[in-house]
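Peer 1: So you can see what is in the structure, the chains are spelled out below.
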Amino acid sequence: MRGMKPYLAIFSARFRMMLQYRAAAIAGLWTQIFFGMVMIMTYEAFYHSTHQPEPMSFAQLASYVWLGQAFLALLPWNADLEVTAMVRSGAVAYELCRPIDLYNLWFMRAMAWRTAPTVLRVVPMTLLAMFGLPLIGLGAWRLHPPTPAGGAAFAGAMICAVLLSSAITTLLNIILIWTISANGPVVMLIALVTLFSGMVIPLPLFPDWSQPILMALPFAGLVDLPYRIYVGKIAPGGVPDVMLRQLLWTAALVLLGRWLLKRGMRRVVVQGG
Amino acid sequence: MNELGLYFRYIGVSIRGQLQYRVSFVLYALGHGLITFVEFLGILALFHRFGQLRGWTLPETAVFYGIANMTMAISDAFARGFDVFGNMVKAGDFDRLLVRPRSTVVQLMGQELTLRRVGRFAQGAAVLAWGLHSLHLAWSLATAILLIDAVAGGVCLLTGIWVLQATSAFWTTESLEVWNAFTYGGAFMSQYPVTIYRPWFRQFFTFVIPLACVNYFPVLAILHREDPLGSPEAFQWLAPLAGVAFLMVALQVWKFGVRRYRSTGS
Amino acid sequence: MPPQIVVENLVKTYRIAERAPGLWGSVKGLVSRRYREVRALDGISFSIGAGELVGYIGPNGAGKSTTVKALSGILVPDSGRCEVRGRVPWRQRVEHVAEIGVVFGQRTQLWWDLPVVESFELLRDIYRVPLARYRSASHELIGLLDLEPLLDVPVRQLSLGQRMRCDLAAALLHEPPVLFLDEPTIGLDAVSKLAVRDFIRQLSRGRGVTVILTTHDMDDFEALCDRVIVIASGRVLCDGSLADLRARVSRERWLTVDLADDEEVSDPQATVVRREGHRLCLGFDPLEVSPAELIARITARHAVRDLFVENPPIETIVARLYAATEPANAPEETVCAE
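Protein chains in written order, with my numbering: chain A, 1348 to 1620; chain B, 3 to 268; chain C, 26 to 363.
Hints are computed from structural coordinates only; laboratory data are not their basis. Any given hint could be a false lead.
[What the hints assert, rightly or not] Pairwise CB distance ranges (calculated):
| id | chain 1 | residue 1 | chain 2 | residue 2 | range |
| --- | --- | --- | --- | --- | --- |
| 1 | B | V251 | A | R1613 | 55 to 63 Å |
| 2 | C | P179 | B | A128 | 33 to 41 Å |
| 3 | B | A128 | A | P1554 | 17 to 25 Å |
| 4 | C | E33 | B | T266 | 45 to 53 Å |
| 5 | A | M1364 | C | E62 | 52 to 60 Å |
| 6 | C | P179 | A | M1364 | 27 to 35 Å |
| 7 | C | D103 | B | A93 | 23 to 31 Å |
| 8 | C | D171 | B | A247 | 49 to 57 Å |
| 9 | B | I17 | A | P1554 | 38 to 46 Å |
| 10 | C | P179 | B | A93 | 57 to 65 Å |
| 11 | C | V113 | B | I17 | 37 to 45 Å |
| 12 | B | A93 | C | V142 | 23 to 31 Å |
| 13 | B | S142 | A | L1594 | 31 to 39 Å |
Just so it is clear, CB atoms sit at the ideal spot from N, CA and C, and this is done for glycine as well.
With the hints as constraints, model all of the structure from the sequences given.
Peer 2: Rendered as structure tokens:
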């Protein structure tokens, strides 16, 4: 475990730095509540028009939406710009001279980059969505508390989701080393990640024929699968399967990322960049 | 050179700067288009499952969606100077604008015209065209005028919200994000006809921040549809003027903010 | 001729919100705020005629930038009178600002990504300069400041010295009769400093531009300014020529000798100000003992390789002036000379 020390230190330093952005977090809270309410109203309107049984109940849908807002920062929707700037300016030479693995370093940074803003939002968002909404008469829209088993399973799945998201973020950073024109394709990737993770609409609401494809992709493990565990759509028995999927995809993306990084660094060093 | 001429001069400079990186720009615009288009893919999936939305069909919703996105794209591109004004005040760079014998509004609007928003505009226009085509609505002069009417009113309204956001930076530069609920959030909720929302929500966005006036009402006229809320057609044509009025009020508040900035110092 | 710039009893107070530290402090801050009042300007008065080159010095926080902001029309003071070329700067901002040039030392007004010449042309449009006058003005400025090789370079690629020269030109493209320079030589290398000083001197003597120069660099002062206004804590401490400033603070002159041997030196009518190895600096009052007499005495008793007599550097003078008025018990606004 001693080998982990420098990585933990990096994570902790980044994490604490990002906790500074408190005022912005509070302001962002209001915006997220707004978006959440609009989304729930939209589903309310759709559900009003239908009388068939649906893949998810309205209450489950509302919880799903609020979870999405609470954990929004966990989604790999941006890359760590400091890293790409470092590579372009050549300051990455400092990092290469240090006795730590560059990929692990970036992975730790990505993890802090994802988790620190999340911690700032999760607690207030959850409190407001769970207890604040009933107070103003919008109890039907609330984030429903989970069952104890569901909650514990959810926690486990979210830890795996953090790892998966960090792996994807690190991969995005690595892709951005190659060229400044990569900005466009990276944004396109992010668009697809957003869609296929379940952030736009929950995956079960997509057409039935698309379900196998969506489950085959890695992104379901970021948002949809853990949230379905929370609302009870996935029974505790199915949880190990979910977590295994998440971890396997994480491992695959880590290997891909390491490979790309090695090739990318070789190129950077050769160019003297 | 008068104020309008100066504005175009500024914009020319901004555009040339962005087009320097042509390949990167095209890819970025495409990326921006895709990331905004995924919203519509979600809407498609929902209509595929539910069939209709409180009496509204998919093609009709597509028209609302298209106009909301086209309006947002244009406003976002034009009002960028106001969007990032918080940074300018923090850095103390606003004095630089005050030392020039020109209107601060023209100088701020001329700061940048973010061209890559054309990605969002293009996908919005495509969805709009598809919607109109699916409804078998013939293109007529009336439709064109209503479209321009709605988009112009919407651009005025959204720009007005950004002006208010920038004005609030004179008091505090910390919590400017709250306004995102009305700009990005407003564009988000305009994708759907406003009748699907709860009454109190709808009323706020009709009378306080009149997003419904620049989208919902004129689109009703385009669709030749009876308004479930019972508004007369004349109102539907004139409603976008509310956006213009909003901008006028916002600019007055801006002037007040500048006066206060000059009295209290930075 | 009537003075071009008139400032009478300007007062400006800032209210600064006090923030308690930490998260709890921020939350408390949302509910109640405590304010601290800072008197940036406490009755500043002076008048400047056309073509004068005035140095405006003071310690940090003395009110220098506040004065410049008020004179530029950016800031509205709480009370007092101010007129520049017959106009009240903050009341007629647009007309006033069209006739002044401002250079802020650390911030450039040029467009970061554009070549220098394009910034100039954009400014021409902003200031509505007729084409013929722009051509002749820019031609002259480019020549005087040696900007020809820089014209097509984007501003972000210029060195600090190059950028400052471009900023100076930019501020003068519309040929303003009044120029405010806020720390123009800060951070510049020696060559650029000299070039900038030469240019400013030419502007004032050759073309009659009224220049107000705020700076911390005392060499700038001695090289350029005929007239100096010293301010501290929002009040004018001294307003007159450099010689007057010296005379007011101290008549002291310094005799610096380079000794052949490392030995003790003392004289009843001189005090050792500084000693660095073989170099010794003695301060004396020329009314008590003449320089010639002191030199004769020192050289008689010690082997001296080299010597020279000078005024104490202006830093020392100014520091003494600040110190003398530090217990800020209403130092009266003083005028050193008519």
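Peer 1: So, for every hint listed, does it hold in this structure?
Peer 2: Against the structure, the hints:
1. B/V251 with A/R1613: 55 to 63 Å: holds, 59 Å
2. C/P179 with B/A128: 33 to 41 Å: holds, 37 Å
3. B/A128 with A/P1554: 17 to 25 Å: holds, 21 Å
4. C/E33 with B/T266: 45 to 53 Å: Since C/E33 and B/T266 have Cβ atoms about 22 Å apart, the given range 45 to 53 Å is violated.
5. A/M1364 with C/E62: 52 to 60 Å: Between A/M1364 and C/E62, where Cβ atoms are some 35 Å apart, the hint is violated.
6. C/P179 with A/M1364: 27 to 35 Å: At 32 Å between Cβs, range holds.
7. C/D103 with B/A93: 23 to 31 Å: holds, 26 Å
8. C/D171 with B/A247: 49 to 57 Å: At 54 Å between Cβs, range holds.
9. B/I17 with A/P1554: 38 to 46 Å: Cβ of B/I17 to Cβ of A/P1554: about 42 Å, so the range 38 to 46 Å holds.
10. C/P179 with B/A93: 57 to 65 Å: Roughly 20 Å apart at Cβ, these two residues miss the hinted range, so it is violated.
11. C/V113 with B/I17: 37 to 45 Å: holds, 39 Å
12. B/A93 with C/V142: 23 to 31 Å: Given about 26 Å between the Cβ atoms, the range holds.
13. B/S142 with A/L1594: 31 to 39 Å: violated, 59 Å
The structure fails to meet hints 4, 5, 10 and 13 from the earlier list, while all remaining hints are met.
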